[in-house]
Amino acid sequence: MANHEIVIAGFGGQGLLFSGKVLAYAGLLEGRELSWLPSYGPEMRGGTANCNVILSDTPIGSPIVEKPDVLMVMNTPSLDKFEDTVVPGGKIFIDSTMITRKVNRTDVEVYYVPATAMALEKGLTGLANMILTGALLEKTHCIKDESLDAALHKVVPAKKPELFDTNMNAVVLGREYVK
Amino acid sequence: MAVVFEKPHALTDAVLHYCPGCPHGIVHRLVAEAIDELGIEGKTIGIAPVGCSVMAYDYFRCDMVEAAHGRAPAVATGIKRCMPDNVVFTYQGDGDLASIGLCETVSTACRGENITIIFINNAIYGMTGGQMAPTSLLGQVTQTSPYGRDPKTQGYPIKICELLSTLDAPAYLERVTVTDVKNVKNAKRAIKKAFQNQIEGKGFSLVEVLSACPTNWGMTPTDALQWVTDKMVPVYPLGCFRDKE
Amino acid sequence: MSEKVLMKGNEALAEAAIIAGCRHYFGYPITPQTEVAAYMAKRMPKIGGTFLQAESEIAAINMVYGAASTGHRAMTSSSSPGISLKCEGISYLAGADLPALIINVQRGGPGLGGIQPGQSDYFLATRGPGHGDFHVLVFAPSGVQEMADLTLKAFDLAEKYRMPSMILADGTMGQMMEPVVLPEPQESHNDLSWAVTGTNMEREHNIVNSLYLQPQDLEDMNNQRFARYAEIEKKEAMWEEFMMEDAEICVVSYGITARIARNAINEARKQGIKVGMIRPITLWPFPKAPLAAAADKVKHFVCVELNMGQMKEDVELAISCKKPVDLCYRVGGMIPSPTEVLEAIKKAM
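Chains as they are written, first to last, in my numbering: chain A, 3 to 181; chain B, 316 to 560; chain C, 1027 to 1375.
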């Protein structure tokens, strides 16, 4: 499979690290090389936050993603910060409820998904991240479709199994939107 | 010939380095007698402080650890958490326990660690040659309070038993002295109780012993003991501040 | 237990400590190592161990000192400013010849500094963190697997040589997740007859102590300790070589910066530049031998680190200044990009 260097960014509390973990666990289950690196500190508590995920078939050097080929952003400051870092031909996934501006780059593929509005409408409050993740999975195939189930089971807290279904519904919603 | 008096087994044969007239020897003996009478020498671990009694590790026959200045209660905590069935005690002076180690003292008491602390308060730093201690009395002349301790710039004596008795956790807090036979016997009772409490799992026990420092106070040993009675006891009243059942 | 699991570096390290037999953790909250404490707080009560949040870093290291005195494997973890506070206790551990594990998940300094990754405690760790002549074993993990593996190693060598060990990680190593195979517990046969466990009235009393008022005694103790250190320098240095066979430029880097340098070296090789890397895994003992050997083959050294060139001095010493040594650095929580490292490599050509 293709190697991917992914940046997921937005406000703390939007579930960015969670989305990254789903991808990371899928990578683990597929026996691939991977790394997951969060930003940390006060920014985790309400400011901008992000996580870097690398999925690769060869040993990973730096876990810090300098030039992502996949960028998922959920607020404007994050788009401002990371837009120019995306490699030409890379893909950007945008929560267009939260980010009203358009991407300036013309050499990248951009998917605008009103994830936060969709989540509210479908009773999936707090799962805009997974709707956007669904879009990301559909368009990048960075993990195998069949890995998602098991990965999600790993990441959803054991004490709240009901969250599995709602997360999965959110992913499907995102997939359908960009199909 | 019948033996009518001997050194407690829990003391080694090492010659004490303390100055003539220093009550450390008396208190060492009381601690050792308590250990002997309770039959706990084999499972006791003692912690020596930094101060005059720094070399207490040579004097007690039980296993001993030398701690950094003021840190004995933290070291005791580490030991007790590993060896809950052993008996752990610290032996500390006023600079060690009430100044540099005050945070450890209060926090260890607050956690109610099941240990025994023997606190020697002689209102002065002895080992370094007679500087002001946190427990020095107002007006007391020392090397670093040559005009007498002035509360405006040097604050007031710290009263450890009173301070610790504001906490919920401590099991036993008592202040005693060793100025005469009656008081020595009373101090022995308190020290033994502080060990007994630990054996029974009652928790944090501290005995404050008002002591003298003839050398650094510039007094004869008898005058020094009189000074404890006349000057220290009024500031640091003797008695039990906490005794949890 | 050969199954791969996904863990944060801090958590892998904590679990490895438990696998190593550590049941006594004493710590104080500070970013970016707090996961170690949180992990221990969850795990220790379930396995009959101690987790104690101390009143200060100073108290925590002294609790470790007490626990270590009893022959139990004990540890504390902190980050740079907290390590400064622990230095007193580390010196006492060294002076009393006690084994213990200290984790330093470094951040930028000095002072309160920042909370982003740093390697600026290199001197502090490798020169003996505290007063007096002494060393601690210093391990610099460069991935989550090493966070786990080196923790076991650190406990074992600390006990074998009766001295403190330090894992010198950085914020990135602590925070990142990677697949890791948790190590198997190893049997240890280290002598613990010095420990204070109570005499049980069966032996002379043991004394754990660092006070020697007779100068000759103290000098003897120092000499004994340094004889041990000499043995350690001979036997225990660890390093990894990467693409060094035909290298003309040798990058020297550890921890997170070694990972970044790896990317840069891969890119440089694509561009036909003959560059390799020697990655110290132990920072004390420092792997002097492979560097000295490399000095006869390569033309130039490039150190990459998150400080103003602290390891660079050790490299220059190891190669007796035979070849030029450049420095590629970022500090304050900044991290060099592979592109910056590549530029430094090109400059060295």
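It should be emphasised that the hints constitute simulated quantities derived from the structure, not laboratory data.
Bear in mind that the values here come from a model prediction, so they are computed numbers and not experimental data.
Glycine included, C-beta positions come from ideal geometry on N, C-alpha and C.
It cannot be assumed that every hint is accurate.
Covered stretches of chain C, going by a simulated chain A footprint (3 or more residues, C-beta under 8 Å) [claimed, not checked]: (1) 1195-1202; (2) 1279-1289; (3) 1356-1366.
Subject to a maximum C-alpha distance of 35 Å in a straight line, what follows is the list of computed DSBU-like cross-link-like pairs (lysine-lysine) [what the hints assert, rightly or not]: (4) B/LYS503 - B/LYS559; (5) A/LYS69 - C/LYS1300; (6) C/LYS1072 - B/LYS508; (7) C/LYS1296 - B/LYS517; (8) A/LYS69 - C/LYS1296; (9) C/LYS1030 - A/LYS161; (10) C/LYS1068 - A/LYS146; (11) C/LYS1068 - B/LYS559; (12) A/LYS146 - C/LYS1296; (13) C/LYS1373 - A/LYS83; (14) C/LYS1068 - A/LYS162; (15) A/LYS141 - C/LYS1296; (16) C/LYS1349 - A/LYS162; (17) A/LYS156 - C/LYS1349; (18) A/LYS156 - C/LYS1072; (19) C/LYS1030 - A/LYS156; (20) A/LYS141 - C/LYS1030; (21) B/LYS358 - C/LYS1072; (22) A/LYS161 - C/LYS1068; (23) B/LYS517 - C/LYS1068; (24) C/LYS1372 - B/LYS559; (25) C/LYS1372 - A/LYS69; (26) C/LYS1030 - A/LYS69; (27) A/LYS162 - C/LYS1030; (28) A/LYS146 - C/LYS1030; (29) C/LYS1372 - A/LYS83; (30) C/LYS1072 - A/LYS69; (31) C/LYS1072 - A/LYS141; (32) C/LYS1072 - A/LYS161; (33) C/LYS1325 - C/LYS1296; (34) C/LYS1296 - A/LYS83; (35) B/LYS358 - C/LYS1068.
If you anchor each label on the Cβ, the simulated ranges turn out as follows [stated by the list, open to error]: (36) C/PRO1107 - B/GLY463: 50 to 58 Å; (37) C/PHE1149 - B/PRO466: 41 to 49 Å; (38) C/HIS1215 - B/THR468: 55 to 63 Å; (39) A/PRO79 - C/ASN1216: 49 to 57 Å; (40) B/SER480 - C/PRO1107: 53 to 61 Å.
Can the stretch 1195-1202 of chain C be counted as covered by chain A under the rule of three residues or more with Cβ-Cβ separation shorter than 8 Å? holds (count 4)
Next pair to validate is C/LYS1372 with A/LYS83; report whether the Cα-Cα distance is within 35 Å. 28 Å, holds
Given the hinted pair C/LYS1068 and B/LYS559, is their alpha-carbon gap at most 35 Å? Cα-Cα ~32 Å, so holds.
Quickly compare the C-alpha distance for C/LYS1372 and B/LYS559 to 35 Å and report which way the hint goes. The given pair, whose Cα atoms are some 74 Å apart, is violated under the 35 Å limit.
Given the proposed pairing of B/LYS517 with C/LYS1068, does the C-alpha separation stay at or below 35 Å? It holds: about 27 Å lies between the C-alpha atoms, which stays within 35 Å.
Does A/LYS162 sit within 35 Å of C/LYS1068, going by the straight-line distance between their CA atoms? 19 Å, holds
Given the hinted pair A/LYS162 and C/LYS1030, is their Cα-Cα distance within 35 Å? The hint holds at about 24 Å.
Starting from A/LYS141, check that the Cα of C/LYS1030 is at most 35 Å away, please. 28 Å, holds
Straight-line alpha-carbon gap C/LYS1030 to A/LYS156, limit 35 Å: Holds. C/LYS1030 to A/LYS156 sits at ~13 Å (cutoff 35 Å).
Are the Cα positions of B/LYS503 and B/LYS559 separated by 35 Å at most? Distance ~19 Å between B/LYS503 and B/LYS559 Cα, so the pair holds.
Regarding the pair C/LYS1372 and A/LYS69, is the alpha-carbon distance no greater than 35 Å? Distance of about 21 Å is within 35 Å: holds.
Regarding the pair C/LYS1373 and A/LYS83, is the alpha-carbon distance no greater than 35 Å? This hinted pair holds, its Cα atoms lying about 29 Å apart.
Figure legend: structure checked against the earlier numbered hints; hints not met, in rising order: 7, 16, 17, 24, 30, 31, 36, 40.
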